[in-house]
Amino acid sequence: MSADGSDPDADDGAGGPAETVLRVSGTGVPVRGNDIDTDQIIPARFMKVVTFDGLGQFSFFDQRFTDDDEEKDHPFNEERFQGASVLAVNANFGCGSSREHAPQALMRWGIDAIVGESFAEIFAGNCLALGVPTVTADHESINALQQWIDDHPDGEIDVDVAAETVTYGGNEMSVSVDDAQRRALVEGEWDTTALMKSNAGAVRETAESLPYVRDDQIPAGDR
Amino acid sequence: MSEGTLYDKVWDRHEVTELPTGQTQLFVGLHLIHEVTSPQAFGMLDERGMEVAYPELTHATVDHIVPTADQSRPYGDDAAEEMMSELETNVREAGIRFSDPSTGDQGIVHVVGPEQGLTQPGKTVVCGDSHTSTHGAFGALAFGIGTSQIRDVLATGCVAMEKKDVRRIEVTGELGDGVEAKDVILEIIRTLGTDGGVGYVYEYAGEAIESLDMEGRMSICNMSIEGGARAGYVNPDETTYEWLADTDEFADDPERFEELKPYWESVRSDDDAEYDDVVTIDGDSLEPMVTWGTTPGQGVGITQPIPAPDDLPEDKRDTAERAQEHMGVTPGETMEGYQVDVAFLGSCTNARLTDLRRAARVVRGRTVHDDVRAMVVPGSQRVQAAAEAEGLADTFREAGFEWRNAGCSMCLGMNEDQLEGAETCASSSNRNFVGRQGSKDGRTVLMNPRMVAAAAVTGEVTDVRDIEEREEVRA
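As you go down the protein sequences, you meet chains P and D in turn.
Just so we're aligned, residue 1 is where the first sequence starts under the UniProt record's numbering, counting upward by one.
Just so we're aligned, residue 1 is where the second sequence starts under the UniProt record's numbering, counting upward by one.
If you are wondering where the hints come from, they were derived from the structure by calculation, not from laboratory data.
Bear in mind that the values here come from a model prediction, so they are computed numbers and not experimental data.
It is possible that some hints are incorrect.
[Unchecked claim] Computed list of lysine to aspartate or glutamate pairs in DMTMM-like fashion (alpha-carbon distance at most 25 Å, straight line):
hint, chain 1, residue 1, chain 2, residue 2
1, P, Lys48, D, Asp318
2, P, Lys72, D, Glu423
3, D, Lys163, P, Asp67
4, D, Lys163, P, Glu208
5, P, Lys48, D, Glu325
6, P, Lys48, D, Asp46
7, D, Lys9, P, Glu205
8, P, Lys48, D, Asp277
9, D, Lys261, P, Asp215
10, P, Lys48, D, Asp441
11, D, Lys9, P, Asp179
12, P, Lys48, D, Asp78
13, P, Lys48, D, Glu416
14, D, Lys261, P, Asp73
15, P, Lys197, D, Glu336
16, D, Lys9, P, Glu187
17, P, Lys48, D, Asp8
18, D, Lys261, P, Asp179
19, P, Lys48, D, Glu88
20, P, Lys48, D, Glu314
21, D, Lys163, P, Asp215
22, P, Lys48, D, Glu162
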């Protein structure tokens, strides 16, 4: 697996300035079903941690294991999908809780890009904050991609964020990338902390203009 | 694009600048934090050598992992204790006010903000929790964020956001007996879908909404996210101002109240505001709702039949089939009589004082069914104290409910309050996802608090309209 321009794996979201994520290439893994919520992606009991390290192993945990820790049928358990970096999903993926633990877990499992019919907003925003693209296509195209991955678990998929295409096995499908997401990833501005920090003066002016913000709530000095 | 709505006005007032990505840098007027989603953000801040930019506009409490039975420290659960300690250290170092359990002000973050008057019309409110949409009940622009965004807000006082469309949802008429705000929002989600609100902010309006108390409005805005809308709001009015006047922020400072009121009035959507979409829901025709499936959109009126997957739109069938298998329900039947093992009265959706009052009227003079374990988890320590003072706690205890301390509890099963095995829970919370309440085989039926009370005493899903309510009889 590789991500041209940068490797999101190398960044835990806490590091320095962001880099561009122009494209993600690698093998795929399909997880089917609409409305897969973040409680399914990572059950709440695994959030009793003060760091995101080590969350990858808990991805889809309750879908993957019985109470006795025996493996159930799930793509994330299948040998042929180990090492996959492109996740193919259906509609409203990542709905529910805002927990960033969900994309953190998927990223730490090895996912660098997600292709789906649609994504819940907070989830997609969380993915962007990690430099993980969430690109969309219609139901038929996604079905075809999932089927192709099933048939070609070793097949290379190329998610081109800039060109808004996903290429696999000689097929090129058009995908949509949210405009702000595309610009953020392509221009390497998905880490918004430094970007917004540089506007501290303007932030202060906005704070001062709001009737409900008291003077003593605005810190003294330049920040 | 919308124009002249509360959303447009609040957005404009908080816009700092446009970022190179095309997103807006939006100033945050109130940042609420809790123990689960903030520690990593403080860690990121540390690694970058940054400090909290606006600690005075930040407020913390502890809710997700806090035990609701024995709260003595250290907590029995080491992981919970570690998270609590981490939060204590972080807020102390940053100078952030903390409604911790020793203050008597602790509670679910979406109960605490409004009851202290921190949540106000025309503010931007964010929190690392999807149910932050709750605060929209006051005419605030409020939405949940992820941990990396919490880092942004801590470091800069801002979030990077894209502007959304506005859908006005007008609920006409008058809600019938036994029908509550919870039923309205479950019907909205059933109608528009769990992803119908993606890309939208919901403005709730109409007679049935305007006649709700603040608690009811909060229940509705709370579940906006279950319909895919990251934020939902109600325009502020006299009901809103009456609530605010009694809060910590304004009770002793009527001048401040008068000073801010014109601003609150000014952010109301204009009469001729333009919306990107308008939907009307007939409030007169609603009845108490219950869910039959594993998404909040899979709801049905208590006397209505559970739909057959084939009768649903094609994209909903597969999910419906799996949900019905998990729940063990039969299409064509109603949910009435569905057996219940646990009754949970709590959560940021329905654990405020008026919720508990209404439920108590159903419980009074009755006892919890022998096969049911029932618990009340008040939304905050203040709700708990008020309920104890007016005798509600006794009513619940005498009926056989456990009366717990404040927290998120069994809504998401992060503390010891969890379903076991394939237990079925009648729940006043907001999510019926598989595994949500702590057991992957557990089953959740969402309903309003009075319906939960009815299920607790009968041991099955029951139409609360068939149960006579009893006024309080104080000795």
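The hints, checked one at a time:
no.: 1; hint: P:Lys48 <-> D:Asp318; in the structure: 32 Å, violated
no.: 2; hint: P:Lys72 <-> D:Glu423; in the structure: 21 Å, holds
no.: 3; hint: D:Lys163 <-> P:Asp67; in the structure: 44 Å, violated
no.: 4; hint: D:Lys163 <-> P:Glu208; in the structure: 23 Å, holds
no.: 5; hint: P:Lys48 <-> D:Glu325; in the structure: 30 Å, violated
no.: 6; hint: P:Lys48 <-> D:Asp46; in the structure: 20 Å, holds
no.: 7; hint: D:Lys9 <-> P:Glu205; in the structure: 17 Å, holds
no.: 8; hint: P:Lys48 <-> D:Asp277; in the structure: 40 Å, violated
no.: 9; hint: D:Lys261 <-> P:Asp215; in the structure: 18 Å, holds
no.: 10; hint: P:Lys48 <-> D:Asp441; in the structure: 21 Å, holds
no.: 11; hint: D:Lys9 <-> P:Asp179; in the structure: 24 Å, holds
no.: 12; hint: P:Lys48 <-> D:Asp78; in the structure: 9 Å, holds
no.: 13; hint: P:Lys48 <-> D:Glu416; in the structure: 12 Å, holds
no.: 14; hint: D:Lys261 <-> P:Asp73; in the structure: 58 Å, violated
no.: 15; hint: P:Lys197 <-> D:Glu336; in the structure: 55 Å, violated
no.: 16; hint: D:Lys9 <-> P:Glu187; in the structure: 30 Å, violated
no.: 17; hint: P:Lys48 <-> D:Asp8; in the structure: 38 Å, violated
no.: 18; hint: D:Lys261 <-> P:Asp179; in the structure: 38 Å, violated
no.: 19; hint: P:Lys48 <-> D:Glu88; in the structure: 16 Å, holds
no.: 20; hint: P:Lys48 <-> D:Glu314; in the structure: 38 Å, violated
no.: 21; hint: D:Lys163 <-> P:Asp215; in the structure: 28 Å, violated
no.: 22; hint: P:Lys48 <-> D:Glu162; in the structure: 31 Å, violated
Taken one by one, the earlier hints fail for this structure at numbers 1, 3, 5, 8, 14, 15, 16, 17, 18, 20, 21, 22, listed in ascending order.
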